[in-house]
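Novice: The sequence shown: position 152 = 178 (this note's numbering), numbered continuously.
One or more of the hints may lead you astray.
What the hints assert, rightly or not - The calculated label-pair distances, taken between Cβ atoms and stated as ranges, are:
{"id": "1", "residue 1": "Arg140", "residue 2": "Asp60", "range": "18 to 28 Å"}
{"id": "2", "residue 1": "Lys180", "residue 2": "Thr76", "range": "18 to 28 Å"}
{"id": "3", "residue 1": "Thr216", "residue 2": "Gly46", "range": "30 to 40 Å"}
What the hints assert, rightly or not - Below 30 Å or equal to it, Euclidean Cα-Cα: the simulated DSBU-like pairs (lysine-lysine) are:
{"id": "4", "residue 1": "Lys180", "residue 2": "Lys163"}
{"id": "5", "residue 1": "Lys163", "residue 2": "Lys202"}
{"id": "6", "residue 1": "Lys202", "residue 2": "Lys180"}
If you're looking for bench data, these hints aren't it; they were derived computationally from the structure.
Using N, Cα and C, we set each Cβ at its ideal position, and we do this for glycine too.
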Amino acid sequence: MFSGITQAIARVIAIQEGEGSRRLTLTFPAGFCDGLRQGASVAVNGACLTVAAPPHGDNADFDLILPTLITSTLAACQVGDALNAERALADGAENGGHALSGHVDYQATVEQVRRHGDNLCLRLTVPAGALRYLFAKGYAALDGVSLTIAGIDKREGWFEVWLVPETRRATTLGVKQPGDRLNLEIERQTQVLVDSTREALEDKLSALLELLGPQLTGSRPPALAQSA
27 MFSGITQAIA
37 RVIAIQEGEG
47 SRRLTLTFPA
57 GFCDGLRQGA
67 SVAVNGACLT
77 VAAPPHGDNA
87 DFDLILPTLI
97 TSTLAACQVG
107 DALNAERALA
117 DGAENGGHAL
127 SGHVDYQATV
137 EQVRRHGDNL
147 CLRLTVPAGA
157 LRYLFAKGYA
167 ALDGVSLTIA
177 GIDKREGWFE
187 VWLVPETRRA
197 TTLGVKQPGD
207 RLNLEIERQT
217 QVLVDSTREA
227 LEDKLSALLE
237 LLGPQLTGSR
247 PPALAQSA
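Kindly produce the complete structure, drawing on both the sequences and the hints.
Specialist: Next comes the structure, spelled out in structure tokens:
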């Protein structure tokens, strides 16, 4: 489990391509890898990755499997790229963001960047399937960063988040430009509530249509009933 509070910015220093997989070697600021063990979980740009081998100094290796390559932006990262990193939350640790699983759901695309004094506003477009889970004042995670949704237009397919100076200092989001793609993790409680409600309504509607089906068919003109 993660909080969406970036602890360090890592750099890609090596990439080893496999068959439907990649191994990334990342270097972290001094101290980040202290106590980090093989098998531990680290969120990298919002994707939960497993430490593939014992860390060597400030460097650690991570394997990306095919589902991660398909759903996240990590398939396109290059040597030298900067990535947000967060270690898994320890039991009882303060969560200053919101609960994250590290499972990327969609990719969002930066459509517009606006500056307002010391703050930045990012407008992002998302696939239609993501919009049902996003609400004004709700939570979303972009490249692993917990953010509040400031505004949304579901008809046009975009939402906006604001970046204060500290967020820009501590993460990579402050340098994003129109056209850049970011990993998006939706808030799990919202997803469960929306999906459960939709399934319940669909079940009730199906049962109602099945009950009313003969009556609806019988009420049609004969020609329509025969062609149905």
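Novice: Check the structure against each numbered hint from earlier and tell me which ones fail, lowest number first.
Specialist: Per hint list: 1 and 2 violated.
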